[in-house]
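Engineer: Please put together the full structure from these sequences, using the hints given.
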Amino acid sequence: MAAIPKTAFVVHLQPGAQAVFAMPPERKPRAEHWFGRAIRFPGLEKPGIYQVTLSEEAWIDVVPDDRYARSVGSTGRGDCPGLRKSVRLDLGATPFVLQISGVTSDSIVVAIGARE
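Taking the numbering used here, the leading residue of the sequence shown gets 1392, the next gets one more, and so forth.
These are calculated hints, taken from the structure and not from any lab test.
We treat Cβ as the ideally placed atom computed from N, Cα and C, and that holds for glycine.
Don't take every hint at face value.
Said to hold, decoys possible - Below, in silico cross-link-like pairs of lysine-lysine (DSS-like), each with a Cα-Cα straight-line distance of 27 Å or less:
hint: 1; residue 1: K1437; residue 2: K1476
hint: 2; residue 1: K1397; residue 2: K1476
hint: 3; residue 1: K1437; residue 2: K1397
hint: 4; residue 1: K1419; residue 2: K1476
Unchecked claim - FRET-style restraints, in silico, Cβ to Cβ:
hint: 5; residue 1: G1483; residue 2: E1423; range: 32 to 38 Å
hint: 6; residue 1: D1457; residue 2: M1392; range: 16 to 22 Å
hint: 7; residue 1: S1465; residue 2: P1396; range: 19 to 25 Å
hint: 8; residue 1: A1484; residue 2: A1422; range: 31 to 37 Å
hint: 9; residue 1: T1485; residue 2: S1465; range: 18 to 24 Å
hint: 10; residue 1: I1440; residue 2: A1394; range: 25 to 31 Å
hint: 11; residue 1: K1397; residue 2: S1462; range: 18 to 24 Å
hint: 12; residue 1: A1484; residue 2: A1399; range: 32 to 38 Å
hint: 13; residue 1: S1462; residue 2: S1498; range: 20 to 26 Å
hint: 14; residue 1: A1408; residue 2: T1466; range: 29 to 35 Å
hint: 15; residue 1: T1485; residue 2: E1423; range: 21 to 27 Å
hint: 16; residue 1: S1465; residue 2: F1412; range: 17 to 23 Å
hint: 17; residue 1: A1484; residue 2: E1423; range: 20 to 26 Å
Structural biologist: Structure, rendered in structure tokens:
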């Protein structure tokens, strides 16, 4: 993508066996048949804490500089349709890859935004 969308966006996923990632997902998917995808983003305008929110159960890896970014916080709710999981990460200005894996459907809604 040329930039991080300012609103939530739908990501169409590929079957797990066909998904190509910058680095292998850190966690093995729980489902036998799963979907995933990697999306490349340019460097951020402003480094800082960013939150990635997903509409359903999935694993998130963020890969800047050929390493996994570490979470600085997360939330998850199984009883909140449309807002299943959020992960906060401290990201620099370098480009990064958002990797989504372990999804049981072929699309997911994602939102990425700066947190203060």
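Engineer: Would you mind marking each hint as holding or not holding in the structure?
Structural biologist: Hint by hint, here is what the structure shows:
1. K1437 / K1476: Holds, at about 24 Å.
2. K1397 / K1476: The given pair, whose Cα atoms are some 18 Å apart, holds under the 27 Å limit.
3. K1437 / K1397: holds, 14 Å
4. K1419 / K1476: holds, 17 Å
5. G1483 / E1423: 32 to 38 Å: holds, 36 Å
6. D1457 / M1392: 16 to 22 Å: holds, 19 Å
7. S1465 / P1396: 19 to 25 Å: holds, 21 Å
8. A1484 / A1422: 31 to 37 Å: Check passed, 35 Å falls within 31 to 37 Å.
9. T1485 / S1465: 18 to 24 Å: Given about 22 Å between the Cβ atoms, the range holds.
10. I1440 / A1394: 25 to 31 Å: 19 Å Cβ-Cβ, so the 25 to 31 Å window is violated.
11. K1397 / S1462: 18 to 24 Å: holds, 23 Å
12. A1484 / A1399: 32 to 38 Å: Since A1484 and A1399 have Cβ atoms about 23 Å apart, the given range 32 to 38 Å is violated.
13. S1462 / S1498: 20 to 26 Å: Holds: the Cβ-Cβ distance is about 24 Å, inside 20 to 26 Å.
14. A1408 / T1466: 29 to 35 Å: holds, 30 Å
15. T1485 / E1423: 21 to 27 Å: Violated, at about 35 Å.
16. S1465 / F1412: 17 to 23 Å: holds, 20 Å
17. A1484 / E1423: 20 to 26 Å: Violated: the Cβ-Cβ distance is about 39 Å, outside 20 to 26 Å.
Hint check: violations occur at hints 10, 12, 15, 17; the rest are consistent with the structure.
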